[in-house]
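A.B. asks: Residue numbers (our numbering), protein chains in the order written: chain Y, -14 to 497; chain A, 2 to 330; chain X, 1304 to 1627.
FYI, nobody ran anything at the bench for these hints, they're computed from the structure.
Treat each hint with caution, since some may be false.
Have a look at the derived ranges for each label pair, beta carbon to beta carbon [as the list claims (entries may be wrong)]:
hint, chain 1, residue 1, chain 2, residue 2, range
1, A, Val91, X, Pro1601, 45 to 53 Å
2, A, Leu298, X, Pro1461, 29 to 37 Å
3, A, Ser147, X, Ser1551, 40 to 48 Å
4, X, Tyr1449, Y, Asp367, 41 to 49 Å
5, A, Pro37, Y, Leu131, 57 to 65 Å
6, X, Asn1458, A, Tyr239, 37 to 45 Å
7, A, Ser313, X, Tyr1449, 42 to 50 Å
Backbone N, C-alpha and C define an ideal beta-carbon position, used for all residues, glycine too.
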Amino acid sequence: MVDQPLFRMEQVSKRYGGVHALEHADLDVYAGQIHGILGENGAGKSTLIKIMSGVVAPDEGRMEIDGKPISFATPAAANKAGVVCIFQELSLVPDLSVADNIIISDPPTRFGMIDRAKQRKLAEQALARAGAGDIHPQALVKDLPLSRRQMVEIAKALARNPRILILDEATSALTAADVSRVFVVLKKLREEGLAILYISHRMHEISELADVCTVFRNGRKIETYKAGAKTSTQVVELMIGREYKNVFPPKPEVHGKVEPILQCKNLSWTNRLKDLTLSVSPGEIVGLGGLDGQGQRELLLALFGVLRSYSGDILVDGKPVSMSSPGVAKSASVGMALIPEDRKTEGLMLPMTVRENLSFASLARISSYGIVNRAREDVLLDEMIKLLAIKTAGPDIPVGALSGGNQQKVVIAKWLMNKPRIILLNDPTRGIDVGTKQEIYALLRQLADAGAAIIFYSTDYDELIGCCDRVQVMYDGMIKRELVGAEITERALIASALNLDMAKDGKAMGSH
Amino acid sequence: MGKFNDWRYWYAEQKGTLLAIAIFVFMFVVYCSNHPAGFTANVVQTAANKGVLLAFVALAQSLVVITSGIDLSVGMTFTLCNCLASWLVVGSPWQVAFGVVVVLIVGALCGAVNGLLVIYGRLQPIVATIATGAIYYGLALALRPSPGGSVDETLADALTGRVFGVIPSSLVALFITVLVIWVPYSRSVTGRASYAVGSSETAAYMSGVPIQRAKFAAYTLSGLLASMGGLFLTFFTYTGEAAYASGNAYTLFSIAAVVLGGVSLFGGKGSAIGAIFGALAFRTIGDLLFVFDFDPLWQPLFQGIVLVLAVSLGAFGLFRIRNRLEWFG
Amino acid sequence: MSLSSRTYLPRYIRSFDPAVLAAYGCIVVLLLIGSLYSSNFLSIGYLVQQLKVASFLGVIATGMMLVILLGQIDLSVPWVVTVGAMMSCALAGHVGLVGVLAVPFGIFCGFLIGLVNGVGVAYLRIPSMIVTLATNAVAQGLMVVYTGGFSPKDNASPSMRYLATGELVPGIPNSVFCWIVVGALAVFMLNKTTFGRSIYGIGNRERAAYLSGINTRRVVMLTFGISGGLAALGGVLLAGYASKAAQSMGDAYLLPAIAAVVLGGTSILGGRGTYAGTIAGVLLITLLQSILSVMQMPEFGRQIIYGVVIIIMLLFYGRSKLQV
């Protein structure tokens, strides 16, 4: 380890309106280290990164590289100084090719025109360095699946020859195979002397990678410690600033045999869903497991009436229903709700008020003859805001002004307002802080106990283990295995997610 | 295998342009084979001269549309430059040359004003260019309250005649314009930035792409190209006229041509070559009516119907969509 | 702090955004400038006359506003206005029931064209700018073929003339009442009905609206239909006012309608805007045009000032927020 930090930040603050997003933050980053940054959403991590990478300017404070003071007016200036960030929200241009995207900032030129052959060579090198040599450099980014795009994003960052590489939830969209490839790449970069800042909500990733960790809370730096110096319970306590209790609510002991409310039989759709058969009963939380992108999202969308021309049957209360639109799915006779994947584009209209957002899925319930009944609406709104403890300065402020966790609560509340009997959740805790996560877990159990049937897709194995009564593990559009009760362990989940058979027979899984 | 893949990706990128070329070639073949005179230099020259005007304006429009903007003043810039040219492009060769340069500069300035309003004024392109369109039309009207003026006939005839007795010189001028302006632009860093901005402005910003330079270049070049169209209009008509309806029609037709040419109105996709062929195809509609002996009264209806059919063609892709969320882009 | 105190204000006060207030401010300024020029400007007679002129634009701009709230645009206004005028005049010549149906028939024709726009935008997913451009061309083509390219000989029916120029209340032309009725219905629809909420929702994010179980395609289609119907009503009123329909009588209404809606603070990107703003925008545009003509400004000067004033006002308060 070198004595002088490669990058140093002192007393940096940033305010948005009256809110301190970052308050007198200090940070030292050393070459040849992977530095994990931990904190709840709203802890100031993303502001920290935006300041480091030149997206926003700090209100006060100093930054230094190699002991020399610096400031960045634009992301391009930060890149030039060697600070490159891989953003959580993708910064790829969808209509340009992979090669164009990777070499976007400083392409090789001849006579003022971009030298395409040379550019392509550079792009291929960068892709290979990122462990994604299988991606064709001429492919358009918008035609790639999310996990491939993220690999392009990493290649793009590497093509800029960074000294400090920042990864902000960069692995959240990746498949497990890609994650392990990225980890190999990151470890190699560390040996090459790069400083790497690694931000993730996934604790086990941090503990596998990081040399040093820093915890942020409420816009302040709380503590920096050597990796492994603290137990995960201690770390979570630092993050949430209060005693860390059992995250998951207790599961009920045994379920009596209840008639299923929702069944699907031999459900198939294009080549993404293959002959799925599944049933859920009131009072149950059924998890969907497996690697990301194995058809879990498509299954939820098919059940909710979004996918066209599926084959097979969807039965509600034992009777077949033709699921042709979300309108059918939410109708009183079906009573289904889908908490979608991306709250910003699928769950909410950010500029509209909390009121309008909450009421949007249950307009029929609060209106007669198409005219909204204000009084009825207010009663239901109050009930929901209380039930989910949504922190808002009243129902008439834009939902975009709420914190991420509260926004997610609004998405859930908006559907609960329609009193659904079947609730489908598509990774509802992605990018949500620990505190809100706990509240959501408790709420799900409460809803199930009150008689709702819940299908819960999560990319986080801990959630599946902690929340679900049963887990259906999917692989390549099929349900590979059902795990019930005590069978739901991390090991069993991983084994069946990778489509390894031995876990069932009790054989050793081999080194992992 | 690798080579095959390269072609596949190239095809995917150029599909819209290729389709526009195919539509135009088909229509033009039908036109020529039914024309009493057939495929002769004369027929081609007349068709080219009519088509080139819209082609210039469509070319101008496409540059802005690629940045996901829109220029509703393009027809008025075209009209203004026509009126200006009818004053300036006369006299001695030096005066003529000077006049041409001034007209081109004024066109570029019109575009630059649009660009500045969109970039620094942060106005939505659609409303900003509606307003500047009124201004440019007002200026045109000030220059030519009633139709009139003249233009250097030697230059006009040279540019609307034929090269080597076969090739329409207006087409040659269009070709050179594409070669000198579009090709270097589309391959430059700025040109690629304009695609990036059109595709996703946030991603472009995050990637350190020169957004403002790209937009400014697109709008300014658009004005310049519209002024070339205005010059050619003067060469064809020998006069200047501040015609409101025709200016508006050029704006609207340029949007139609751009769409026929496979340039996405959402930005980031398509090429100016496609827009040119879209414009030529759109112009051929009227000619088709002529050879099939329709009453000219039917021309607007026929143009409308072809436009409806052309834009509905793209909708057939919808039947292949099996995830309804893809409807919403 | 200020946020919570704002929440106790009645909703209609809070919903006034600065853009709308600025637009009304500009109206006052225009009137003051006008009154410096001639004292007539503040007379009741002049103001009523302006309201009457504004009512045609007001009716048309109402439809445009609904479509802009969806994040779309309706470029078919010019010829839909003309279709409304010509089709109602076509029936006006007949006696009896057919003649009575002149006004509804004109509106119905506009509604149909609007529905075609709506089908193209909602079901075929074609950008509205291009669908409406195409239907505008088709409507123009139909009318040109129908009239032979000349102004039609049919005159407006008495009911059309009554609607436009009659005076139910002495001194106030009925066209103003038409606008008031249309406006009141629009305000009610936007604020009180599920349809109105759906329009705002779709304008903000259609994907989220669809996933909330809203039949977004039907809402979009109907909204375009309404816009077409209102444009045709505008045409009917204009024909009643002038006693005749004319070729390209609608050309003068497309850009002012868009400008009025946008000057009234409605976001051209959709999802945000109030009807109070649109009223302000319509009055603003009408007054501006009137003042320029009273000043006997030549046509070119009017066009230039018109454009410059719109740009200045937009720069004042119509700027989009900085990104990031």
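A.B. asks: The structure should be examined with respect to each hint, and the outcome stated for every one.
C.D. replies: For each hint, the structure was consulted:
no.	hint	in the structure
1	A:Val91 / X:Pro1601: 45 to 53 Å	25 Å, violated
2	A:Leu298 / X:Pro1461: 29 to 37 Å	31 Å, holds
3	A:Ser147 / X:Ser1551: 40 to 48 Å	19 Å, violated
4	X:Tyr1449 / Y:Asp367: 41 to 49 Å	58 Å, violated
5	A:Pro37 / Y:Leu131: 57 to 65 Å	59 Å, holds
6	X:Asn1458 / A:Tyr239: 37 to 45 Å	42 Å, holds
7	A:Ser313 / X:Tyr1449: 42 to 50 Å	24 Å, violated
When each numbered hint is compared with the structure, violations occur for hints 1, 3, 4 and 7.
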